[in-house]
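**Q** Keeping the supplied structure of chain E fixed, place chains W and F upon it in accordance with the hints.
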Amino acid sequence: MSGPSKGVAANAPQAAPGKPILVVHDIVKRFETPDGILTAVDHVSFIVAPGEFVSLIGPSGCGKSTLFNVIGGLIDGYEGAVTVAGERLSGPHAAIGMIFQEESTFPWRTVIDNVAFPLELAGLPKAERYEQARHFVALVGLAGFERRYPAELSGGMRQRVSMARTLAASPKIMLMDEPFAALDEQTRLLLGDKVLQIQQELKQTMLLITHNITEAVQLSDRVLVMTYRPGKLKREVEIDLPRPRTSEIVSSEAFGRYVAQIWGDLREEASRGLRDDEQHKLERKDHP
Amino acid sequence: MNGFAASARSGLLTRLLPAALGIGSIVVLIGLVEALIRLGLINRFIVPMPSEIFLAFPRIVVEENVLSRFTLTISEAFSASILVAVFGIAGGVLLHRFTLLRQATETWVAAIAAAPLVLIYPLYLVIFGRSATTIVMMGFTAGVAPTVLKTLEGLAGTRRVLINVGRSFNLTPSQQFWKILFPAALPTIFVGLRLGLIFALINIVGVEFLINFGGLGQLINELSERYDLAGTYAAICFVVLVSICVFVLMERLERWLRPGD
Amino acid sequence: MAEAGRLSATTGRPRRGLLRPVTALRVGIIVAVLATWQLLSASGLLYRDVVPSLAAIAVALYATLSDPTFYFHLATTGYEIGIALAIGGMSGLAVGIALGASKLMAKAYEAYLYYLGPTPKIIFFPVMIMWFGVGAGSKVAMGAVSCFFPIALNVAAGMREIDPVLIRVGASFRANTWQMVSKIYLPAMRYPVINGLRIGLGVALIGTLLAETKLSNRGIGFLVIQAYSLFNMPQMYSLLIVLFVISIGANALIGRLGGLRDIKQS
Numbered sequence: 001m002s003g004p005s006k007g008v009a010a011n012a013p014q015a016a017p018g019k020p021i022l023v024v025h026d027i028v029k030r031f032e033t034p035d036g037i038l039t040a041v042d043h044v045s046f047i048v049a050p051g052e053f054v055s056l057i058g059p060s061g062c063g064k065s066t067l068f069n070v071i072g073g074l075i076d077g078y079e080g081a082v083t084v085a086g087e088r089l090s091g092p093h094a095a096i097g098m099i100f101q102e103e104s105t106f107p108w109r110t111v112i113d114n115v116a117f118p119l120e121l122a123g124l125p126k127a128e129r130y131e132q133a134r135h136f137v138a139l140v141g142l143a144g145f146e147r148r149y150p151a152e153l154s155g156g157m158r159q160r161v162s163m164a165r166t167l168a169a170s171p172k173i174m175l176m177d178e179p180f181a182a183l184d185e186q187t188r189l190l191l192g193d194k195v196l197q198i199q200q201e202l203k204q205t206m207l208l209i210t211h212n213i214t215e216a217v218q219l220s221d222r223v224l225v226m227t228y229r230p231g232k233l234k235r236e237v238e239i240d241l242p243r244p245r246t247s248e249i250v251s252s253e254a255f256g257r258y259v260a261q262i263w264g265d266l267r268e269e270a271s272r273g274l275r276d277d278e279q280h281k282l283e284r285k286d287h288p
Numbered sequence: 001m002n003g004f005a006a007s008a009r010s011g012l013l014t015r016l017l018p019a020a021l022g023i024g025s026i027v028v029l030i031g032l033v034e035a036l037i038r039l040g041l042i043n044r045f046i047v048p049m050p051s052e053i054f055l056a057f058p059r060i061v062v063e064e065n066v067l068s069r070f071t072l073t074i075s076e077a078f079s080a081s082i083l084v085a086v087f088g089i090a091g092g093v094l095l096h097r098f099t100l101l102r103q104a105t106e107t108w109v110a111a112i113a114a115a116p117l118v119l120i121y122p123l124y125l126v127i128f129g130r131s132a133t134t135i136v137m138m139g140f141t142a143g144v145a146p147t148v149l150k151t152l153e154g155l156a157g158t159r160r161v162l163i164n165v166g167r168s169f170n171l172t173p174s175q176q177f178w179k180i181l182f183p184a185a186l187p188t189i190f191v192g193l194r195l196g197l198i199f200a201l202i203n204i205v206g207v208e209f210l211i212n213f214g215g216l217g218q219l220i221n222e223l224s225e226r227y228d229l230a231g232t233y234a235a236i237c238f239v240v241l242v243s244i245c246v247f248v249l250m251e252r253l254e255r256w257l258r259p260g261d
Numbered sequence: 001m002a003e004a005g006r007l008s009a010t011t012g013r014p015r016r017g018l019l020r021p022v023t024a025l026r027v028g029i030i031v032a033v034l035a036t037w038q039l040l041s042a043s044g045l046l047y048r049d050v051v052p053s054l055a056a057i058a059v060a061l062y063a064t065l066s067d068p069t070f071y072f073h074l075a076t077t078g079y080e081i082g083i084a085l086a087i088g089g090m091s092g093l094a095v096g097i098a099l100g101a102s103k104l105m106a107k108a109y110e111a112y113l114y115y116l117g118p119t120p121k122i123i124f125f126p127v128m129i130m131w132f133g134v135g136a137g138s139k140v141a142m143g144a145v146s147c148f149f150p151i152a153l154n155v156a157a158g159m160r161e162i163d164p165v166l167i168r169v170g171a172s173f174r175a176n177t178w179q180m181v182s183k184i185y186l187p188a189m190r191y192p193v194i195n196g197l198r199i200g201l202g203v204a205l206i207g208t209l210l211a212e213t214k215l216s217n218r219g220i221g222f223l224v225i226q227a228y229s230l231f232n233m234p235q236m237y238s239l240l241i242v243l244f245v246i247s248i249g250a251n252a253l254i255g256r257l258g259g260l261r262d263i264k265q266s
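Residue numbers (the numbering used here), protein chains in the order written: chain E, 1 to 288; chain W, 1 to 261; chain F, 1 to 266.
Think of the hints as simulated: they come from the structure by calculation, not from any bench. Since we're looking at a predicted model, the values are computed, not measured. Positions of the beta carbon are idealized from the N, C-alpha and C atoms, including for glycine. Be careful, since some hints might not be right.
Straight line, CA to CA, 25 Å or less: simulated DMTMM-like cross-link-like pairs of lysine to aspartate or glutamate [to be verified]: (1) E/LYS194 x E/ASP184; (2) E/LYS203 x E/GLU238; (3) E/LYS194 x E/ASP113; (4) F/LYS107 x W/GLU254; (5) E/LYS194 x E/GLU178; (6) E/LYS194 x E/GLU268; (7) F/LYS107 x W/GLU251; (8) E/LYS194 x E/GLU102; (9) F/LYS103 x W/GLU251.
Stretch by stretch, here's where chain E covers chain W in the computed footprint (C-beta under 8 Å, at least three residues) [to be verified]: (10) 162-173; (11) 180-188.
Looking at chain E on its own, in the form it has when it is part of the complex (with noise of 0.2 Å):
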């Protein structure tokens, strides 16, 4: 039912061999609204990887914020299992870090006292936390904003700040959700670099949500690309761009032509779902 798929990638860069740290098992999640059962997610499976860079990118009301929330333990009453490194999902997994698209920095405390929360909740002393906390803040490259408060920061420093404190847990997995959404273009590009060599140094297996085709040839190893409602993978496009890479792949050939055929891909799946949310508004007017 899910569309041509592919196994896991010959040539995937430093794979470890043995067990995926993420298996999607044929999700389907459905929900009750005043127009009757929408069905968000339909039978997707899919599995990263250790190591792996993996995209979700579709068009909006893909249901690709339903299964970042199905991953990431928030909700459930979803037919079908979620595996992370070997266990069965029940709720918010250990390993699974997950960056919101949202603002999520706590305002009231500064961005040392951010990125050392969870290692506080894992009851580290002091001085310990700090220190570790103090790697990861400069590993996001804010090394000298320690003690500022995230007010004092700009919309980009704050989402490092947030993936800092995601990192600080060691998840084994980060689950990221249009964390980019709000910066403008050049800042995502530059932060984009930044996640890149985060993922190298780490060997950080990642799975990002976006609607950003850019974003996803970018950063990915692969690009898993969903229909509009109901949500089903359409094509799963591997990435055969060199790593290490930076931001300046965008401007290589090969890169157009990934961006080309996944654009080609959604499309076609952007106007349906154009169509229908006007539609829908139309129909709105009509019956107050």
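**A** Okay, now just chains W and F, sitting in the frame of chain E:
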């Protein structure tokens, strides 16, 4: 009708000009009143000359034990504030925790916050007599409802994403409350405490004035009953000044406790 | 499945039903409070008449509501508050608009309003008596001074919250001052103005009533203090009940007129 002209001027002038305008116009107004009274255009038995009022200040301070009265009023306000803070915040937390209770009683609390509770003071007089207890209870009664509402508002208004961050870290309900909900709600809780204090102080000084007992409120009442015009005006100014100081202090305290905002 | 639309998507509880849990709880609380009251009254724990029996209060309530002079006093207080709100409201609106429209004005004067606002206005009463006499004038003055501050401050804040683009639209159509105020500022500020009026009503009520308790021979405040001095507790309770019902009702009415969904919104 815009401030473009003001902002076009140099930085220093922009900063000084409004303050100068404000203070300047008040000085001018006082001078005008003084002049009109001396000219006989304003009845000096209704409005004493500002210069007389100014001279009355030291007299009042010395003769009327202003310091001890001030201490009395402040201590009443302090006691009432403690009660307001404890019961107000606890009430708000309780209502947030028990959804059914909140749904049942929130509108009632809002109604109480809007009602002229001060008229209950004769009742407190009967129960507690002409004492400081009546005054403190009056302050507490007036200040607790707005605090409950604001605490509730702050807790309920915590941004969804922050709650989700907590859930993603698998926080226990207790951790979720102390590490996320409460800190996130603190700014609004402070607004509630300030509102509660305002209501409490208004009622405290008001009831002191009405029942002729206590500190500064009583002072004004006494002076007016003695027809000490300049003294009455001076005492009123003094109370206004005290009220202003209390709230400026409260704001400083707030800013010190919450450096993040 | 036809009922599916009726079910709450989150709780699945039916929306209709004879005894919703919320209603049950409310009834329960009211019953508990009344029962405690009656017990306290009968037990004689507190000084004599401080907690009269529910029956005594009911009798007094009936007596109050059927006494024509009560309505005379009610009308007096109502009239005083009405004028106070009008005076304080109009001046508060004007000053608020002036402060909101001009950064210079705001920086110069708003701080004074902000810090004078929380000051208990009853202390100005002796001055009001001197200026406006012992009759309705001083009560109206008290009410007007009380409600001026919250209204002015709320309106000023409301002005600043107006989306600046709307003001530019007005300017681009060369609207004059009156047009700007009536067609852009006021409609855009509906909620803050209504809210300011609600708070203003509350404090005007307090100011006027307190003035009546202090020095008057008419009005609800006067009746309350009279009941107290005669130690007619049931009468005092009945007056307080009527007063609270009216003030809460007026508050809700203003809110409803302004389109706020319920009294909670502020």
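**Q** Are the hints correct? Go through all of them and say.
**A** Outcome of the hint check:
For the given pair, E/LYS194 sits about 15 Å from E/ASP184 by alpha-carbon distance, which is consistent with the 25 Å threshold. Pair hint E/LYS203 plus E/GLU238 holds up; C-alpha atoms about 19 Å apart against a cutoff of 25 Å. Between E/LYS194 and E/ASP113, the direct Cα distance comes to roughly 22 Å. Compliance with the 25 Å bound is thereby established for this hinted pair. Restraint check for F/LYS107 and W/GLU254: the C-alpha separation of about 22 Å stays at or below 25 Å, so the hint holds.
In summary, the hint linking E/LYS194 to E/GLU178 is supported, as the alpha carbons are separated by about 15 Å, within the 25 Å threshold. For a cut-off of 25 Å, the pair hint linking E/LYS194 to E/GLU268 is broken: about 32 Å separates their Cα positions. The suggested pairing of F/LYS107 with W/GLU251 holds, with an alpha-carbon distance near 18 Å, which does not exceed 25 Å. Distance restraint check for E/LYS194 and E/GLU102: the Cα-Cα separation of roughly 19 Å lies within the 25 Å cut-off, and the hinted pair is therefore satisfied.
Only pairs whose Cα atoms come within 25 Å are accepted, and F/LYS103 paired with W/GLU251 is accepted, the gap being roughly 22 Å. With 8 residues having a beta carbon nearer than 8 Å to a beta carbon of chain E, the segment 162-173 of chain W meets the requirement of three or more and the stated coverage holds. Judged by the Cβ-Cβ criterion of 8 Å, the segment 180-188 of chain W is covered by chain E as claimed, because 4 of its residues qualify and three suffice.
When the structure is compared with the earlier hints, a violation turns up for hint 6 alone.
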